[in-house]
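> Residue numbers (the numbering used here), protein chains in the order written: chain H, 1 to 389; chain D, 1 to 226.
In short, the hints are calculated from the structure, not lab data. Warning: the hint list may mix true and false statements.
[Unchecked claim] 30 Å max Cα-Cα, derived DSSO-like pairs, lysine-lysine: (1) H:Lys380 - D:Lys85; (2) H:Lys148 - H:Lys95; (3) H:Lys380 - D:Lys126.
Since we're looking at a predicted model, the values are computed, not measured.
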Amino acid sequence: MNIATYARRNLFRRKGRTILTILAVAVAVLIFGAIRTAVAMWNAGADEAAVDRLATRHKVSITMQLPKRYIDDVRKVPGIKAATWAVWFGGKDPKERTPFFAAFAADHNTWFDVLDEMSVPPDQLAKWKATPNGTILGDVLAKTLEVKVGDRLTINSDIYPGDWEFEVSGIYTPLRKTADRNSLVFHWDYLNNDPRNEFGKEQIGWVMSQISNASESASLSKAIDKIFDERDDQTVTMSERAFQLSFLGAFSAILTAFDLVSLVILLIMTMILANTIAMSVRERTHEYGVLRAIGFPPSYILGFILVEAVLIALVGGLVGIALTTLLINFGMGPFIEQNMAGLFPYFKTPPWVLMVALVAAGVLGGIAAIVPAIRASRHKVIDSLRRLD
Amino acid sequence: MAEATSIVTLKGINKTFHRGKEPITVLESLDLDVPTGSFEALMGPSGSGKSTLLNIIAGLDRPTSGEVKVAGANLAAMSDSQLAKWRSQNIGFVFQSFNLIPVLTAAQNVELPLLLTSLSGSERTKRVQTALRVVGLEDRMHHYPRQLSGGQEQRVAIARAIVNDPKIIVADEPTGDLDRKSADDVLTLLDKLNKELGKTIFMVTHDPNAAEKASVQRKLDKGALQ
Ligand SMILES: Nc1ncnc2c1ncn2[C@@H]1O[C@H](COP(=O)(O)OP(=O)(O)OP(=O)(O)O)[C@@H](O)[C@H]1O
Ligand SMILES: [Mg+2]
């Protein structure tokens, strides 16, 4: 036996309580890890985003449309390499195999020139351009909807009523991690000519342009908006990522709030640990008195309590790390990478997040124990011995 | 002459506790002389200050005023940490409620005081075995306190008290929680420690039967010895 034997035995003296505390710490570490991962991956996604693409939309709101002829004005701006346009269609699967997917009515001649991270076999692209009701969709979405090239596909929209019938002309695959593998695109003409679109005739949702020089994106954005300054419908031009984020404005705010939540979680974890330690120390007041009488100095009592708290916290931290790795890197992460690649091209817990979580758990375990530990070690021996129950 | 053969010398001891603002005087101008190698029993009504006196002798508590000399040391002049070290080397404690650590085996409980020494692991084990043999519980080494009877627990506690080879054993109602038979075993054991190993024993007790085993009986009442 050595001095650590006693500290170690104390750890599982109240098995139920210790296990619950370890679980609480583990869950706190899991939540902390998940939030930190989301924030870190969000920022990593921002770094990966295409910097050479601009989106131009109606100045008032994304829900308002622009005249189709605006595309010609944008294309004339020097520094614009290519430009295409789209209308948001809002795809829904009648069989509900997926709750929702991004569907666009776009310019079939230029869509894949601008969105060059999506790769379509040349024969399929040619087929699509020649097929008025043709559609091309991402490989992940094609799998979900269970279609192959040549199949017929019926989808619904959350904007336009009824069934929409398409022929699958092609399936695109990603060339970059950021490519959204869950989108579907069809001819803008097909939508424009449909009677169900009578209020949106000759109108487009936004213009997406590719610029020759990424460093010019700010000046080109200004130049584009200046063209339409005096027209009935003014525009606002921004980076593609900012444009994507405007759909998800609230999401960004939530992530910021999450930042704070992750810290609150650690605080709650500390309080749970402090409570457990305070209870154990109180129960052992008499025992610590006996040890002190035998000759153990106060520093030993302090040490026993601190070591015990840090051990509980570290065990909880390790369980939490295991849970985080399992749930994120082998569960949620791959799913998010496949289905939300545009926003989260990568979704893996970075090792530093796990390290920070473990160190935080250990340090906070020590902090949680410091007050009860100091109090117990300063207790007068005869007072501890008198307290029998 | 008294100085040389006394292991405990108390002179003019006063002890006052404060409960709130109200002072409670427990011991008043108390003198005590315990000869080396004696077995003394201290009796007296509940609340008369028996435990307080024992704690002062054992270096657990300090008198409000007065001189305390135990085993050649002037306790009043020592700091708390010096006292702790002194206790571990000179005093063996036996409590009424045994006070074994429930998560440690009998042997580990006995070994506890040795963890504060520089003895090697094998030396510690040897001493633990000897101490347990003295109390007749060598075969219970690996039992936990909950697996022992009250009498056996108290004998393990006595083994813990002697493992460091202290000069004095202080016992505060060591038989208070035991039945007659176990109490007798414990008293016989204390007597043996006194007679065969020459330990000075200072025992507080309510039990006249127990007091009878001691060579000296003292009575504490109203703060003074009679
Ligand atoms: N730490 C303390 N604070 C305040 N009062 C105390 C303290 N310790 C003892 N006393 C008081 O001092 C008096 C003597 O207590 P002590 O424990 O020495 O009595 P005792 O003779 O051992 O009694 P018992 O036979 O019941 O064990 C009691 O009135 C007790 O309440
Ligand atoms: Mg008492």
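> Does each hint hold? Answer for all of them.
Here is how each hint holds up against the structure:
no., hint, result
1, H:Lys380 - D:Lys85, "holds (16 Å)"
2, H:Lys148 - H:Lys95, "holds (17 Å)"
3, H:Lys380 - D:Lys126, "violated (33 Å)"
The structure shown violates just one earlier hint, number 3.
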